[in-house]
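Listed below are the residues making up each chain.
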Amino acid sequence: MQWALVKGRVTSTVKHESLDGQKLLICQFLGNERQPVGDPVLALDKLGAGQGDIVMITSDGKGLRELLQHNTSPARWWTLGIVDE
Amino acid sequence: MQWALVKGRVTSTVKHESLDGQKLLICQFLGNERQPVGDPVLALDKLGAGQGDIVMITSDGKGLRELLQHNTSPARWWTLGIVDE
Amino acid sequence: MQWALVKGRVTSTVKHESLDGQKLLICQFLGNERQPVGDPVLALDKLGAGQGDIVMITSDGKGLRELLQHNTSPARWWTLGIVDE
Amino acid sequence: MQWALVKGRVTSTVKHESLDGQKLLICQFLGNERQPVGDPVLALDKLGAGQGDIVMITSDGKGLRELLQHNTSPARWWTLGIVDE
Amino acid sequence: MQWALVKGRVTSTVKHESLDGQKLLICQFLGNERQPVGDPVLALDKLGAGQGDIVMITSDGKGLRELLQHNTSPARWWTLGIVDE
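Residue numbers (this note's numbering), protein chains in the order written: chain A, 66 to 150; chain B, 66 to 150; chain C, 66 to 150; chain D, 66 to 150; chain E, 66 to 150.
Bear in mind the hints are in silico, worked out from the structure with no lab data behind them.
Since this is a predicted model, take the numbers as computed values, not measurements.
Errors might be hidden in some of the hints.
It does not matter which identical chain is used: a pair holds within one copy or between any two.
[As the list claims (entries may be wrong)] With a straight-line cut-off of 25 Å between C-alpha atoms, the simulated BS3-like cross-links for lysine-lysine are: (1) K80 x K111; (2) K72 x K111; (3) K111 x K88; (4) K80 x K127; (5) K127 x K111.
Construct the entire structure; sequences and hints are all you get.
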């Protein structure tokens, strides 16, 4: 798990069927002092997070496949929580 | 999942049999502002992406083995979607 | 396994149910000379580690799901030990 | 999958039994322009690659265990193909 | 698999039961020219490696659980071989 700042969304018309109707956020990892670090990932979001939110994200595929009720979803990163201010 | 710019293709004559007939793209990861970041990976593509396209890629092996209908394909990165402009 | 310095905690009201009641530490990786290196991760802690402690952390999901007795917990990093001074 | 330049070999007398008789290459990752990037890994090779070759490598353990017909081989990186010039 | 220089040991009194009686080495990754690169990891050692040795290490959890005869050991990195001079 890492924490990350939501920078925006990405949309895609040509895509894998498991991503239909899913919201994808561009997430920027944060350092100890909440400064941006590293490279962004695209995370699937079911919590209602939006631009400017700080979120906890994970790359666990097993939990995500359960969340989506899709046994072979290839998505990886997703939001686990919205960090309190 | 990350987003990446397609930089070109790579070809290989001597290779693992699971890669026969597969298109492999050289993909450069992108940052928040779509600037190039990090090191490239080789991603298998079934969506018809080409040089200059921005793609979503994942390293999920389980979904890929389903896509290829090859139970033990060792390939990792592949294209999940082409990002809308 | 890596070693890391505990920098603080993070709290989240909106979160995945598997994280209810769990303590999450912000952990900073350490180098050979115990200097901070790389970017922090959020690690679940059951050992009672606190700010300023040096901990051993792992990203093993299987062991964590056993620890939490939660078959599909998506959490990844957690504390395996507190390093002796 | 990444591409990498073969820099040499490594030998080891004291080692895990699954590595007996296996060739291990020191592989340097390459960037978009085939410049060296990042840190090397040790990759098992069955294709006959040698110093100066550009290879495709993967970290897939499942495929490797099949290749070696060794159910619990702990090796990770191995060569999938030799890139055409 | 990577190669790494053994920099020392780490001890921990408060720890996960699967680590009882195990030796943990601080391992520094090495580059092509055997120069130190990246950040250290803690690797479990059964080969008798000591400070100053160059070792091959892997992050394979399945093989390690077999080695330790512990089905849910959360440890990750361990030594596969000692590199010949």
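Taking the hints in turn, this is what the structure says about them:
1. In this homomeric assembly, K80 and K111 come within 25 Å of each other (Cα to Cα) both inside a single copy, at 19 Å, and across copies, at 10 Å.
2. Taking identical chains as interchangeable, the C-alpha atoms of K72 and K111 lie at most 25 Å apart only when both belong to the same chain, with a minimum of 16 Å there against 29 Å between chains.
3. Within a single copy, K111 and K88 get their C-alpha atoms as close as 8 Å, and across copies as close as 22 Å, so both meet the 25 Å cut-off.
4. For the homomeric pair K80 and K127, the shortest alpha-carbon distances inside one copy (21 Å) and between copies (17 Å) are both at most 25 Å.
5. Taking identical chains as interchangeable, the C-alpha atoms of K127 and K111 lie at most 25 Å apart whether they share a chain (16 Å) or sit on different chains (22 Å).
Violated hints: none; the structure is consistent with every hint.
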